[in-house]
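> Residue-level listing of the chains:
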Amino acid sequence: MAITGDSRSQFHVLAVDDSLIDRKLIERLLKTSSYQVTTVDSGSKALKFLGFQEDEQSNPDTPFGSPNNHQEVEVNLIITDYCMPGMTGYDLLKKVKESSSLRNIPVVIMSSENVPSRITRCLEEGADEFFLKPVRLSDLNRLKPHMMKTKIKNQKQEEDQEELKISEIQSDEQQQPVQPPSPQPQPESQPQAPPPPPPALLLQHNNNKRKAMEEGLSPDRTRPRYNGIPTMV
Amino acid sequence: MDILNQLQRQYTDFTALLYREGFVDDNFTQVQKLQDESSPDFVVEVVSLFFEDCEKLVNNMAEALEQQDVDFKQVDSHVHQLKGSSSSMGAARIKNVCIAFKTFCEAQNREGCLRCLQQVNHENTQLKTNLQALFTLERQIVANGGSIPVMQ
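In the order they appear, the protein sequences are chains A and B.
Read left to right, the first sequence gives residues 1 to 233 (UniProt numbering).
Read left to right, the second sequence gives residues 1 to 152 (UniProt numbering).
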């Protein structure tokens with residue numbers, strides 16, 4: 001029955017905004033674009049929904065396949081308002097990117113104010129896009145590549161997990177407890193703590209965004225262009 | 001069919017007026033685009049939420065401005081919220097008043113703030129009346145078997 005070919009119904013977006021009206025609008029926008037949506041009104045509720053554990057910071061000792069990931073529901077993208085009381089969108093972004101289990105989830109920041117330094121700060125912290133509010137249907141077209149990247153990355157990780165486990169044990173830098181090499185291939189489950197992207201790729205990612213920034217943002221309401229982000233096709 | 005044509009023309013003219021006079025802007029069009037068969041009352045729902053929110057914020061601002069020692073940061077945060085939601089809704093006039101309102105908050109100018117508050121109230125009432133008229137026209141068009149003209 002599900003031969004529609006519309007892959008977007010598989011994507012689940014978590015939208016975070018303290019404004020009820022903006023929540024309603026973003027929910028409608030996302031649903032119109034065929035995404036599954038969950039909305040929450042604060043950063044702390046978002047983290048709760050994501051199953052964020054405080055002591056799950058970037059920890060090189062955490063072995064792959066660790067049962068520490070309590071993420072109940074798969075979230076393919078987080079879209080959050082910047083200006084929120086308590087935990088701002090930036091704070092939420094930081095927490096997500098510092099978490100070994102959550103950092104792979106693309107994060108998009110929304111703001112009603114066009115403040116270049118704010119935009120740079122968010123991008124440098126790992127945000128994948130920065131949308132000026134009010135967000136439009138056409139803006140959402142930019143979301144899919146990020147969500148696809150994660151899906152492909154996750155699939156690749158399931159294949160590579162075995163290889164990486166072995167190289168982890170052999171690596172001098174990681175102080176991992178010795179693990180008996182698993183004789184069977186990993187069962188197909190949600191990949192846990194994905195490895196950080198190779199440093200070269202990360203740098204390029206940031207440079208492209210910084211380049212876009214240096215090209216200058218127009219003073220009107222046009223959106224900054226971040227077309228340099230490498231996507232897997 | 002005469003009534004229907006009349007209604008549809010009224011609708012088109014009225015809509016054009018609302019945009020021309022700056023009551024609503026393109027963001028309102030975007031909100032209307034989000035309504036479809038699966039969400040047929042979306043616009044009315046969001047608009048009601050907006051007015052509820054607006055009234056609540058106005059009350060909060062009034063209360064804050066009545067204090068002996070006005071907490072302008074508080075007032076500013078209410079204005080900021082209203083500015084955001086009016087922008088999202090496409091309620092252009094209200095948004096514009098909020099922009100001026102913010103400057104008075106920053107200058108800690110109580111009189112200026114009170115004037116802006118009055119203006120917000122005024123714009124709020126006007127927009128409410130206008131949108132209610134618009135929605136009534138929509139209902140009448142649909143009741144007469146017609147479809148609502150789409151804004152170009």
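None of these hints come from the bench; they were simulated from the model.
Predicted model, so just to flag it, every value in this text is computed and none were measured.
Treat the hints with caution; some may be incorrect.
[What the hints assert, rightly or not] So, partial list: chain B residues that the calculated Cβ filter (under 7 Å) puts toward chain A: (1) 3; (2) 27; (3) 84; (4) 85; (5) 109.
Backbone N, C-alpha and C fix where the C-beta goes; we use that ideal spot for every residue, glycine too.
> With 7 Å as the cut and Cβ atoms as the points, is residue 109 of chain B at the interface with chain A?
violated (22 Å)
> Can we keep the residue 85 of chain B interface hint, with Cβ of chain A closer than 7 Å?
Cβ of residue 85 of chain B sits 5 Å from chain A, so the hint holds.
> Against chain A, is residue 3 of chain B within 7 Å by beta-carbon distance?
violated (32 Å)
> A closest beta-carbon separation below 7 Å is what the hint needs, so does residue 84 of chain B meet it against chain A?
holds (5 Å)
> Holds or violated: is the Cβ of residue 27 of chain B closer than 7 Å to a Cβ in chain A?
holds (5 Å)
Comparing the model with each numbered hint stated earlier shows that hints 1, 5 do not hold.
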